[in-house]
Amino acid sequence: MKFLIMISLRNLLRQKRRNILLGSAMAFGVLILVLATSFSHGISDIMFNKIVAYVAGHVNVSIREGKGQMISIFRDRDRLVKIVKEKTGDKLKDYDEGIGIFLRAIGNGKAENMVLVGVNMNKTYSDEQRKEYEESFHMIEGMFRDLLSTDVENPVILSKEKAALLNVKKSDTIRVRFNNIYGQTQSARLTVTGIMSNDNIFMQGVMFVEIKNIKEMMGYRPYESTAIHITLKNPQADAVQIADSIHEALKPGPAFIAADLSANGIRAKATIIPYMGNDDAMKKIISSSFTLISGKMDDVLMKSGVMVSDRIAAKLGLTPGSKMEFRYKPKFEAKIIPHSVEIKGVFRSDMTTGSDTVYMHEALFYPKFYDRVPDLTADVKDAFLPSPEAPFYKALGTEWVLLDRTRDSDEMRKKYRSISKRKIKAAAVDVNSMYESASDVLKLEGALNIITFGAVLVLFFIIVVGVINTLRMTIRERTREIGTIRAIGMQKKDVRTIFILESVFLTLFASAAGTILSFITMWLMSLKTFNVIDNPMGILLVKQHLYFLPTIGGVVKNILLILAISVVTAYFPAKRAAGMRAADALRHYE
Amino acid sequence: MIKKFITSLPIHLTVIRILAAVTAAMAISGEAAAQPGVQDLMKKIEELQDMTTDIRARVDLTQTKVGQGTKKTNMLYYRRDSDDSFLIVMIAPESENGNGYLRVGDNFWMYRRNTRTFQHINRDESIGGSDAKADDFEKRKITELYDPARDASGKDILSPENLGAIPVYRFEVLAKVNDVDYPKKIYWVRQDNGLPLKEQSFSLKGTLMQTAYYMNYTIVNKKYVPVKQLFIDEFEKGNKTLVEISGISTETLGSIFNKAYLENLSK
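Protein chains in written order, with this note's numbering: chain L, 1 to 590; chain U, 1 to 267.
Hints in this document: simulated from the structure, not taken from any laboratory. Careful: at least some of the hints might be erroneous.
[As the list claims (entries may be wrong)] Here are the simulated lysine to aspartate or glutamate pairs, EDC-like style, with alpha carbons at most 16 angstroms apart:
#, chain 1, residue 1, chain 2, residue 2
1, L, K543, L, D94
2, U, K65, L, E112
3, L, K251, L, E86
4, L, K329, L, E389
5, L, K110, U, E236
6, L, K233, L, D96
7, U, K176, L, D371
8, U, K205, L, E153
9, L, K160, L, E132
10, U, K205, L, E216
11, L, K575, L, D494
12, L, K368, L, E342
13, U, K141, U, D40
14, L, K368, U, E236
15, L, K368, L, D299
16, L, K85, L, E248
17, U, K228, U, D60
18, L, K329, L, D375
19, U, K237, L, E112
20, L, K212, L, D96
21, L, K110, U, E234
22, L, K492, L, D584
23, L, K233, L, D94
24, L, K82, L, E248
[Unchecked claim] A few chain U residues that don't get close to chain L, going by computed Cβ distances all over 10 angstroms:
#, residue
25, V104
26, R116
27, R150
28, K205
Glycine included, C-beta positions come from ideal geometry on N, C-alpha and C.
All chains, please: the whole structure from these sequences, using the hints.
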């Protein structure tokens, strides 16, 4: 073999000019290929780990409640975070509450529409994350940790462009107007503690405040959470699977309130259970499953509908039209608030309905339930919960409604359209991976991959044509030489191997040269500064420079691919050369 | 993109919010009598607001914004409280001409003339992604939304004053539910007939956000309709909107609250 390798190398040197030209073409192709794949990887990295991660996370859990599901709020933050941590395990890079508000900001005589985003500065960031943030947000004045300052009112950091628009400098005050989570008009004063420059156009209109401050401004209580954005270590591999497993873990249990009832000076314990009443099918289930002793089913099915069991009615002296108070111990709040409701009906109780029960229309139930969530885990021992076999079980409310998983943004849009028509009164919980919530960004990444693949195809064509042509010429020129070495005893397979090895060495040297050149080119291109303020193309830059992300695996893969093409392409001409009879080859004359 | 989106909002937002306010104030009876007691005054206003007839009117808005000059917006407004329906058709500016909004019961649509499409909006959702919500138009009782504000001694904050030369009662109310625009309001109502003359709205933090002046009323079917109102933006000084209502009719509107009628009207 060593002998064959030496002959191959010697043959390469025999046709220096031709091989240098072909090798140069191949090296140029490799240069383009490595350059394109590194740029594409760089953009993918920016998209997955910067844009998608910042905008929606690789996986996000969103929760909407209230009229029209307008309020993004999960009432038990710790429960949600526990599920996220359990289901992501060591695949979790980071998680954050995604909270941002559109607002009107007034600086020194100037007003502007802005977005205020909460960042958690009390969290410990890894060196990698810190580097990533420093690359994305370059502080011109102040530091990000100034957001934790308690010396000034609501410290805020904004971009230099927006600071100029609002005519504010460090230590100036910005007044803002916005709506809190309930839609109430809210105002606040923000103190500028930092000014940054930012390459990412999406972030240039954003002001940052500490998440605790923005949650307080928005009306969140300490134990409540907004949507959770999850960043994964390997989003492309794990996002869908993680989203599926979190979705599975978020399956809701039954909603109920283990309440103390009071009416006419008498008290009783009962379980209050919500029923769905905005859907005709559900209304039918309720009306066919409950027998009213007094009151009208039409009244019960209205949004203010409440029906009590005959036993509770008898105990408290309740009839349709009478008022009843109920109260319960919330999970997080110390204060117990009484709620007053008007009874619309009394039903005949049995084993399925329970005898110490009150059934309440979801529109009446959920606002009270969510405002002060009960401790369902602790209360379940005192509660009556209808069996899943009960004929009306399907019409009963759950802690929240878990929306189906979708696979792409089109399915997701359809899901949301159908939700708005369903008029759900319970909170709607949704789990999305980046493949649904950021599909447009991912489409851009896909387009870049197609462009890279196109470049690869062109390169392959160059290699194939070059190798075939060179080998054909070589074989033709060396036909009598082939005849000679065959006549003195060289085997067919050795002849074939010599030609294939020639191609392999040529490709290998050209690939090595092309790879070295590509790294030099990337370094040179990375030196150029692009000033792309207010230009969407700025998202493709890091620190105003082109961003290449070559990987060893990617480069090796490319070289192996080219080698394989080269071998396959060389094989057939080499086989033809090896297959010539020695006598015929020796007679060859041009 | 975000900036462009937000800056396109104020027309709709302002128009719709003002219309909601106009609607709420559109039917105040001249028979109102002065009542010392905030709850009583609120109840009185509430009773007088119960409009039983249909309404059709032309609404002209003159919006003045700092740095943007003055912009006029005109629209036709149809409302029927008996089945919670209303219909708005924009007349001006030209860019908005023919666009409209339709609500029937729980359904709320936005119509765009250019594309001839109706976009179904949940009645509780924001309009076009803005903070203007369809439920701003819900007929909601003031006593269900607000309680009288009380001082340290537990008394209603209510005092007789003069607004210019007119004797008024000044009283404060605080929201008792979450889903109201302004958590705190101060009203100045005439002592002689209970007509609101001035209203101040405050943010949750207590900052004065807006002052409304009800400058002129007219009587339609024994109801007072404020035909000239001025809304002053106290947060962004210099912004103000003048609302003028004309051509008020209380004739029965018939079956006009449907998509076909809005589409036809928009042509």
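Against the structure, the hints come out as follows:
1. L/K543 - L/D94: Answer violated: L/K543 to L/D94 is near 23 angstroms, above 16 angstroms.
2. U/K65 - L/E112: Cα-Cα ~13 angstroms, so holds.
3. L/K251 - L/E86: holds (15 angstroms)
4. L/K329 - L/E389: Violated, because 29 angstroms separates the two Cα atoms, which is more than 16 angstroms.
5. L/K110 - U/E236: With a Cα-Cα distance of about 10 angstroms, the restraint between L/K110 and U/E236 holds, given a limit of 16 angstroms.
6. L/K233 - L/D96: holds (15 angstroms)
7. U/K176 - L/D371: Holds, because 13 angstroms separates the two Cα atoms, which is no more than 16 angstroms.
8. U/K205 - L/E153: holds (13 angstroms)
9. L/K160 - L/E132: violated (20 angstroms)
10. U/K205 - L/E216: holds (11 angstroms)
11. L/K575 - L/D494: Holds: L/K575 and L/D494 sit about 10 angstroms apart, inside 16 angstroms.
12. L/K368 - L/E342: holds (15 angstroms)
13. U/K141 - U/D40: holds (13 angstroms)
14. L/K368 - U/E236: Measuring from Cα to Cα gives roughly 36 angstroms; hence the hint is violated.
15. L/K368 - L/D299: violated (20 angstroms)
16. L/K85 - L/E248: holds (14 angstroms)
17. U/K228 - U/D60: holds (10 angstroms)
18. L/K329 - L/D375: holds (8 angstroms)
19. U/K237 - L/E112: Given pair U/K237, L/E112 holds - Cα atoms ~14 angstroms apart, limit 16 angstroms.
20. L/K212 - L/D96: This hinted pair holds, its Cα atoms lying about 12 angstroms apart.
21. L/K110 - U/E234: Satisfied, since the Cα-Cα distance of roughly 15 angstroms is no more than 16 angstroms.
22. L/K492 - L/D584: holds (14 angstroms)
23. L/K233 - L/D94: Cα-Cα ~8 angstroms, so holds.
24. L/K82 - L/E248: Satisfied, since the Cα-Cα distance of roughly 14 angstroms is no more than 16 angstroms.
25. V104: It holds; U/V104 is separated from chain L by about 15 angstroms at its closest Cβ, greater than 10 angstroms.
26. R116: holds (20 angstroms)
27. R150: At roughly 19 angstroms from the nearest Cβ of chain L, U/R150 sits farther out than 10 angstroms, so the non-interface label holds.
28. K205: Per Cβ check, U/K205 is inside 10 angstroms of chain L; nearest 5 angstroms; violated.
Violated hints for the displayed structure, listed by number in ascending order: 1, 4, 9, 14, 15 and 28.
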